[in-house]
Structures are given as structure tokens and as C-alpha cells.
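2 protein chains.
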Amino acid sequence: MPRPELTDARRPLTYGIDAVNELGESVPTRIAGEHPLTIYVDNRELVTLMTLGGAPEALTIGYLRNQRLVDAIDEIAAVQVDWQVNAVAVRTRGGRGIAPERVDKRTVTTGCGQGTMFGDLMDELERVHLPGDARLDQATLYALLDAVRTHESIYKQAGAVHGCALARGGEILMFVEDVGRHNAVDAIAGQMWLEGLDGADKLFYTTGRLTSEMVIKAAQMGIPFLVSRSGLTQMGYELACQVGITMIGRAQGKHYLLYTGRERFER
Amino acid sequence: MPRPELTDARRPLTYGIDAVNELGESVPTRIAGEHPLTIYVDNRELVTLMTLGGAPEALTIGYLRNQRLVDAIDEIAAVQVDWQVNAVAVRTRGGRGIAPERVDKRTVTTGCGQGTMFGDLMDELERVHLPGDARLDQATLYALLDAVRTHESIYKQAGAVHGCALARGGEILMFVEDVGRHNAVDAIAGQMWLEGLDGADKLFYTTGRLTSEMVIKAAQMGIPFLVSRSGLTQMGYELACQVGITMIGRAQGKHYLLYTGRERFER
Chain A
14 MPRPELTDAR RPLTYGIDAV NELGESVPTR IAGEHPLTIY VDNRELVTLM
64 TLGGAPEALT IGYLRNQRLV DAIDEIAAVQ VDWQVNAVAV RTRGGRGIAP
114 ERVDKRTVTT GCGQGTMFGD LMDELERVHL PGDARLDQAT LYALLDAVRT
164 HESIYKQAGA VHGCALARGG EILMFVEDVG RHNAVDAIAG QMWLEGLDGA
214 DKLFYTTGRL TSEMVIKAAQ MGIPFLVSRS GLTQMGYELA CQVGITMIGR
264 AQGKHYLLYT GRERFER
Chain B
14 MPRPELTDAR RPLTYGIDAV NELGESVPTR IAGEHPLTIY VDNRELVTLM
64 TLGGAPEALT IGYLRNQRLV DAIDEIAAVQ VDWQVNAVAV RTRGGRGIAP
114 ERVDKRTVTT GCGQGTMFGD LMDELERVHL PGDARLDQAT LYALLDAVRT
164 HESIYKQAGA VHGCALARGG EILMFVEDVG RHNAVDAIAG QMWLEGLDGA
214 DKLFYTTGRL TSEMVIKAAQ MGIPFLVSRS GLTQMGYELA CQVGITMIGR
264 AQGKHYLLYT GRERFER
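Protein sequence lines, in the order shown, are assigned to chains A and B. Our numbering runs 13 ahead of the 1-based position in the first sequence. Our numbering runs 13 ahead of the 1-based position in the second sequence.
Calculated from the structure, these hints are not laboratory results. Any given hint could be a false lead.
FRET-style restraints, in silico, Cβ to Cβ [to be verified]:
| id | chain 1 | residue 1 | chain 2 | residue 2 | range |
| --- | --- | --- | --- | --- | --- |
| 1 | A | A152 | B | D214 | 28 to 36 Å |
| 2 | A | A152 | B | V141 | 51 to 59 Å |
| 3 | A | T163 | B | A90 | 23 to 31 Å |
| 4 | A | R109 | B | G107 | 33 to 41 Å |
We put the CB at the ideal spot given by N, CA and C, even for glycine.
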């Protein structure tokens, strides 16, 4: 099955404005781009995402994947972004769009800290099996944290974005930033589909908090290790225990807290 | 018109777990609560929010307000949270629930960095008029930042939450934290409705980034000043210019950057 036809329509990621500081001085300031991107599937409007615009095709595919609106990359024939109209046209191979009942499911659960991915996803989690024999040692974790630290980033220039990385050992395979951390995760999920990558031997790094949603998405990508610079929530913790993911937070420099899945981690 | 019947069903906000640090030491760790809360309006399921649970009634009302599903607090007869079933039952005075076309509108636009509040909201913004004569001086801004800094917070204990404050001058009137910053803003919008507070003489403070959505919500609450510890996005900037809000970012201690609406600010 051929890879979908894709545009490569990334936007400039930062812009310059003038601000005034506490001394009354004019301060040239870089700011992160933010653009509406309305997804149309077989000509039917689905949703408008606000995005940095750094990986709009992968974001679109990952959104369809993570919202469970498409079951396999093979179903997607083309993803074509047109910033003239802030729209992305998705063509499915069937050409019949997305079943209304699936879209309706989504509507009840989409959101941010607002039930995204909730509902049946909880049941779906029961079917997720993460490899028990995967291992991560402290030196590899530190190598990953160092790779993230030294990675070029919009955040360093402009702030106001969240970053996610997919890594094998200490090596970053993908690094995506976006104004919504949901988008950054979705874009990585989309890129993994495009490259046919499996999660079993990977690590997922996020600058964002380890909420229920982040754990659910990592588990659905089949990734046994979830690492964050930030902390976690109670439900993120409970779901990580339930699904058996190895979750590490407050990870920066040579410090971290190992929360769950200790059996996979070697100091 | 009487105030809606409300429960007062706040949850414990933090929980304790044991983590292991880089030295192999067990580290007792406080984590923020996160609970699903499914909103039913006149017995019809609307959405599931993931929330800290600190202000579930105000959150529910503010969600209905900010999603434009209810036009006035008077339409709400009761908001009753039952954590036994992670649900909140909203009773409207009409008892007819929410018009389907409104719910459908929401579905295309709900999200996080995923088009929340987009669509017609952009048109609505044209109708927002923020008071031109409101003024903020540097000393008052510093007083607010100090009040926020010294405010008791979940964030200090457990991290993984965003905080928002409604202030008059340097005085905090409301302070809400939640696992989703959308929720924190919505809870303040709901509390403002409950207390019949107008935004014209208020400041809105958020720990979160100044994205398009944050600017739209502050403008819709009629608040002329938006202050954040974080930075801003391009669309947040463009909307702030368009709606004429005074936006200040990177605000901490005695530092800040004034981005827009300079005419209202006095050093």
C-alpha cells in the first residue's frame, strides 16, 4: 500500500514583535506561531486545530489516529495542507469519510484536561500490552535528557510551546513542538504511522505534565517508557500503574523521580 | 431570579505517592488530583472533563458559559456534583436541555490548542468592547504578582496544575487551579457569573501561555488586562491587538513584558 500523498507545508515557526519591559525599554521578542488548521476529511469539516504549523501533515494523521477516527495509515490516500485557507484536505481510500458515530464519540470526549481520549479509551487500555522485557538504565536516561537539552528548540527562542520527543535509547528520532501539547503528541503518533515505527523499543519524552491523557497516548503508541520534565497527576499515576508503563518525571540534568514500572529501570 | 442550587463537592486536591530518585532513595511525593467529571444537562450527557475537582460547580457553569451553551446564569436552576459516579447534573429552568445545533457547534471547536472556542467566536470578538479608560500602573502590577507568589497553591505542593486569578488592582478575588488550564479559566468565568461580577475593573492572571484561546476568554469576560507568567503566541498577540486588550507576559517579581494595549498601562 503506497504512502499517502503529502504536502510539506510547514510554516515559519517564530515571529518577531516589539514589547516594552519594566524599564520602558523596547524589547524585540520572538513569539511562537499559532495558526488555525481546519481538517476536512473527504470534503467534510471535522475540527479546527490551533497549531504552530511545524508538522501539519503528521499532526493531521496523528489526530485522526489518536482520536480513533482512522484505524490504519493505509486508509489515508492524501493529506494536503493549504495555508492560504488554513485548511488540510484528507482523502481516504474509501472516499466515504468518517462514520458519523465515530465523530459523535469524539465530540463527547475531545478537550484539554477536558476529557480528551476518555470514554471507551479506558476500555481500550485494557487491551494494551507493553513489553515486559524492555529495559532502561540511568546512563541512557541521562543521555536522552542531554540530547533533549541540547536539541534546537522553538521553546528556547520563543517559549509558549510544548515539546515531545520519540527516542530509541538516548537517541532522539523525532522532536516536535507545538502550541498545544496534544498536537505535539499527535504529530509524533502520525509520523510513527508514516514511518511504520513500532513503540516497543522506544522512549517517549514530553516537556508537559504526566496527566491521564499523556499516559493513555503513550500506551496506545505501544511505548513502555514515558519521561517528563514535569510532574504527574493522580490519574496519570493510576493509569500508569494499570497499564504497566514505566513513568519517570521531574527528569532534568541528572535528577529524576521514577514513579511506576520500576522493574524495567536499572540504576 | 434565585441563584442556582449548588452542591459544594470539592475533592481533596493532592495525594501522596512514593517515588524513587536517582540515588535509589524512596521519595514521598505529593501529586495533584485528577478526576473525570461527566456533565449531564437535563439528563443528557454533554462532555467529560478531567479536573482537579477543586471547584466542580463553578467549572461546570463556566464551561457552559464559555462554550456558549448557556446564555445567562438565570437559565441554570441547579448544579449538583456526585463524585460517587463522577458526574454533575445540571438542571436548566426551561428543562429542555441544550439545543442540538449548539452542541454540534461545540464539537467542531472544542479542544486544547485544538481549536477550542474557534469558529463563530472570532466573529463574537468583534462585538467585544473593553473599557478604554481602565488603567494599570506598575506598582499595582507588582502588588498582584506578589499576591500570586505568596498565595497558597497546589502547584507549590504538587506541580502539574495551572493557576488563574481574578484580581481587582493588586487584590486577588478568586484563585483557581486545575490540571487543565482551560478548566481554571472556565471555573473563574463560572464563579464570576455566580457572583454577578463584571470584568471591566478586573485583571486576569494566568500561569499559562497567552494563546489565542486565553485572549478570547479574557475578552469575553470583559476583562481589559491579561497578565501571565509565561509568554505568548502569534495568534494570541494578533487577537489581543484586534480586541484591544492590555496583555503583559513574562511577569514575575519585578519583571514583565508589555505586549499590547500600552495606552492603559502607566509605569
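Now for the hints, and whether the structure bears them out:
1. A:A152 with B:D214: 28 to 36 Å: violated (57 Å)
2. A:A152 with B:V141: 51 to 59 Å: holds (54 Å)
3. A:T163 with B:A90: 23 to 31 Å: With a Cβ separation near 57 Å, T163 (chain A) and A90 (chain B) fall outside 23 to 31 Å, so the hint is violated.
4. A:R109 with B:G107: 33 to 41 Å: holds (38 Å)
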